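Going line by line, the protein sequences match chains A and B. Residue numbers 1 to 299, in my numbering, belong to the letters of the first sequence in order. Residue numbers 300 to 621, in my numbering, belong to the letters of the second sequence in order.
It is possible that some hints are incorrect.
[As the list claims (entries may be wrong)] No farther apart than 30 Å at their CA atoms in a straight line, the calculated lysine-lysine pairs in the DSS-like style are these: (1) B:K432 x A:K63; (2) A:K275 x A:K261; (3) B:K432 x A:K209; (4) A:K206 x B:K546; (5) A:K66 x B:K432; (6) A:K246 x A:K261; (7) A:K74 x B:K546; (8) A:K10 x B:K518; (9) B:K341 x A:K10; (10) A:K3 x B:K432; (11) A:K73 x B:K518.
[Unchecked claim] Have a look at the derived ranges for each label pair, beta carbon to beta carbon: (12) A:Y126 x B:T482: 33 to 43 Å; (13) A:R120 x B:Y611: 49 to 59 Å; (14) B:I536 x A:G122: 27 to 37 Å; (15) B:Y611 x A:Y11: 14 to 24 Å; (16) A:K209 x B:F603: 21 to 31 Å; (17) B:E594 x A:K63: 37 to 47 Å; (18) B:I485 x A:E124: 52 to 62 Å; (19) B:Y611 x A:Y126: 41 to 51 Å; (20) A:S104 x B:G608: 32 to 42 Å; (21) B:T482 x A:T51: 55 to 65 Å; (22) A:G122 x B:K339: 22 to 32 Å.
No lab work stands behind these hints: they were computed from the structure. Since we're looking at a predicted model, the values are computed, not measured. Don't be surprised by glycine CBs; every beta carbon is placed ideally from N, CA and C.
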Amino acid sequence: MIKATNVTKKYGGLKALDDFSVDIPEGKIGVLGPNGAGKSTFVKIALGLLTATSGEITVLGEKLTKNTTNIRKKIGYMPEHDCVPDEMTGVEFLIEMGMVSGMSLAGATERTHEILGHLRMGEEKYRLIGEYSGGMRQKVKLAQGLIHAPELIFLDEPTSGLDPNARREMLETINGLTEVSNTKVLLSTHILQDVEMVCDTVIIVKDGKLQMQENVEKIIGKKSNFIQVRIGGPVEDFISELKKKKITAEDDGRALIIPYKNDSTYDQIIDATVKSNCLLYEMERTTQSMDSVYQEIIE
Amino acid sequence: MKKKAQVSDRFRDFDANLTTRPWIVLGMGLRRFEKFFSTKNKIIMGLVVIIYLWTLAFDVLLASGSENYPCVLRDNGDFFDDDYSGPLMVEFKDCGPLTYYGDLFTGGGIRILIVSLAAIASGGMIGNDMTNKSLHLYLSRPISRIDYLIARFIPVFLLLLLVTAVPNLIVAAAMWSDGGLKTEWITGHKWLIVNIFVQGIFYSAAYSIIGLTFSTALKKESNASGAFFLFVYGTSIIAELFFTILKAFGIDGADGVLLISVSHVLDMISYAIFDIEYYVQAGFAPWKVDISDTEAGAVFTIIFTGCCGFMYWMILQMEANK
Chain A
1 MIKATNVTKK
11 YGGLKALDDF
21 SVDIPEGKIG
31 VLGPNGAGKS
41 TFVKIALGLL
51 TATSGEITVL
61 GEKLTKNTTN
71 IRKKIGYMPE
81 HDCVPDEMTG
91 VEFLIEMGMV
101 SGMSLAGATE
111 RTHEILGHLR
121 MGEEKYRLIG
131 EYSGGMRQKV
141 KLAQGLIHAP
151 ELIFLDEPTS
161 GLDPNARREM
171 LETINGLTEV
181 SNTKVLLSTH
191 ILQDVEMVCD
201 TVIIVKDGKL
211 QMQENVEKII
221 GKKSNFIQVR
231 IGGPVEDFIS
241 ELKKKKITAE
251 DDGRALIIPY
261 KNDSTYDQII
271 DATVKSNCLL
281 YEMERTTQSM
291 DSVYQEIIE
Chain B
300 MKKKAQVSDR
310 FRDFDANLTT
320 RPWIVLGMGL
330 RRFEKFFSTK
340 NKIIMGLVVI
350 IYLWTLAFDV
360 LLASGSENYP
370 CVLRDNGDFF
380 DDDYSGPLMV
390 EFKDCGPLTY
400 YGDLFTGGGI
410 RILIVSLAAI
420 ASGGMIGNDM
430 TNKSLHLYLS
440 RPISRIDYLI
450 ARFIPVFLLL
460 LLVTAVPNLI
470 VAAAMWSDGG
480 LKTEWITGHK
490 WLIVNIFVQG
500 IFYSAAYSII
510 GLTFSTALKK
520 ESNASGAFFL
530 FVYGTSIIAE
540 LFFTILKAFG
550 IDGADGVLLI
560 SVSHVLDMIS
570 YAIFDIEYYV
580 QAGFAPWKVD
590 ISDTEAGAVF
600 TIIFTGCCGF
610 MYWMILQMEA
620 NK
């Protein structure tokens, strides 16, 4: 879908992207990284809005050294910041954006009403955008990116500034709309849960360099060799009992994390609980979260 | 369920059938031009109506007739005794299409209305897109930065053409009617039609591009409009003041001072189009200005390309910094 080879982007003395190379497959891709990692710069270069200082980038099979404007016929873009004009209605704005993409008035009007229907916007679509809530403004921003039926949409921090409910609704909308329109997604964000909810593949970027590229399912599905235990009573005694069995336990503040060797580890934990006069509340194998992978890479 | 599936299929298989860049740009420009005539833009519509009423009243109904149109030879004898024939006595050509662009005290025209209209129409054209950041959305479409600038230039340019070349052509048509609607009048005045058009294009293009530059630089609509108006009139007043002082003291280089004023540069080009010598009304008398067409053309080119370059750079900066 997107291939970057040794892409460097400098802003004066600052390197936003540093010899960045990646081969992004088709699908729903998350670009994850802390603020200032170079995510937005990468998106803007891929969109042809910025020119790389050096390196080469190919989007949907077309090199971006030339023909940067034509490639945008195949790409939609939802920027991070609020950029919808207050003085237009939702319908007027989307029709205008459709026509600026090259659609006819009839085509843009038809598509506008279809998309706003999918977004469950009723009469409010005829109201001025200035009167919309934050969530509705985000929906309109997403809709303008999909108005011209692009093959691929770049979503730059789509849930930024939304409350938890609006965030969940936005992510569901992204999933629903991109699935129904069969659009590929490149989601740039610093929120892990957004990637977990929307993407198939995650790319982690830090200091302008690619740190990791992995399938999201694989990361989430990876069972780590740990058992999470919550007990009541003298915890120190319980840990001592485990030590006698050559088992270590680490307190992460919420529960004790014990390495899993085989199924007999469960029996040994129960035995230690009994011997230390503790009450066993909970014992389960843990799933390695995106959060832990991300923290590991970033730190 | 079946119906829902059909809706989804249609949505997924939608063919946007996108047009090419030139049509996108032209469409953007024409839609903005059309918006000038919406009920939200009462001031713009009001100014256009005043300009047309003014033209009809003073250049058609109260005009002296087709025998003095388009040009008549005058002198500044009104300022001297009848027997004076010294060096200050000058003869100059007074052309209707040229005085149209003058100020009221020069016996013309509607410059103040045209400049006001340009200021109001261009003030928010790019500045508003930069303030509400919709500029990013426009530039993420299949158009380049230059395409965007052209799309924003078109509506202001067309609006100004509507109050420069078009009324002048109406005056010409009225004079043709006054001359008996003879074919010979038209064939003998083909040059006039062309000149009126070219002249209108120069005025409209210059005011549009300068107005858009102020819009880009200041972003806030009212500030940009005010600054544009002050720039056009301020430089004109300063240039005329220095010109008059330097002329009064007989200091060389007085004519060159006029090049700092965009209205004088446009007037110089306008007079060159009509192939007559340029006279400036300063200190109650017309003064012949000795500036070559090349110099005036070069200044116009510098203004135009400078403004375009500045706007392009500003947009580039905004994109890089979000």
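Checked hints:
Distance hint between K432 (chain B) and K63 (chain A) is fulfilled; the C-alpha atoms sit about 28 Å from each other, no more than 30 Å. Taken as a hint, the K275 (chain A) and K261 (chain A) pair is honoured in the structure, with Cα atoms around 21 Å apart against an allowance of 30 Å. Proposed proximity of K432 (chain B) and K209 (chain A) is supported: the alpha carbons are some 29 Å apart, at most 30 Å. Simply put, K206 (chain A) and K546 (chain B) have alpha-carbon atoms about 68 Å apart, too far for the 30 Å limit, and the pair is violated.
For the hint pairing K66 (chain A) with K432 (chain B), the CA-to-CA distance comes to about 26 Å; that is within 30 Å, so the pair holds. Distance check on the hinted pair: K246 (chain A) and K261 (chain A) sit about 11 Å apart at the alpha-carbon level, within 30 Å; holds. Taking the CA atoms of K74 (chain A) and K546 (chain B), the gap is about 63 Å. The hint is violated against a cut of 30 Å. Note on K10 (chain A) and K518 (chain B): the hinted pairing holds, with a Cα-Cα distance of about 27 Å set against a maximum of 30 Å.
For the hint pairing K341 (chain B) with K10 (chain A), the CA-to-CA distance comes to about 47 Å; that exceeds 30 Å, so the pair is violated. Under the criterion of a C-alpha separation no larger than 30 Å, the hint pairing K3 (chain A) with K432 (chain B) is consistent with the structure, at around 29 Å. For the given pair, K73 (chain A) sits about 29 Å from K518 (chain B) by alpha-carbon distance, which is consistent with the 30 Å threshold. A beta carbon spacing of about 55 Å between Y126 (chain A) and T482 (chain B) contradicts the range 33 to 43 Å that was offered as a hint.
Restraint check, R120 (chain A) to Y611 (chain B): a C-beta distance of roughly 41 Å breaks the suggested window 49 to 59 Å. As the Cβ distance of I536 (chain B) to G122 (chain A) is approximately 57 Å, the hint placing it in 27 to 37 Å is violated. Against the hinted window of 14 to 24 Å, the Cβ-Cβ separation of Y611 (chain B) and Y11 (chain A) comes to about 18 Å, which satisfies the hint. The given range of 21 to 31 Å is broken by K209 (chain A) and F603 (chain B), whose C-beta atoms sit roughly 44 Å from each other.
At roughly 46 Å, the beta carbons of E594 (chain B) and K63 (chain A) sit within the given window of 37 to 47 Å. For the pair I485 (chain B) and E124 (chain A), the beta carbons lie near 57 Å from each other, so the given range of 52 to 62 Å is met. For Y611 (chain B) paired with Y126 (chain A), a C-beta distance near 37 Å fails the hint of 41 to 51 Å. Checked against the given bound of 32 to 42 Å, the beta carbons of S104 (chain A) and G608 (chain B), roughly 34 Å apart, stay inside it.
As the Cβ distance of T482 (chain B) to T51 (chain A) is approximately 58 Å, the hint placing it in 55 to 65 Å holds. Distance hint for G122 (chain A) and K339 (chain B): a CB-CB separation of about 25 Å, consistent with the stated range 22 to 32 Å.
In this structure, the hints that do not hold are numbers 4, 7, 9, 12, 13, 14, 16 and 19, in rising order.
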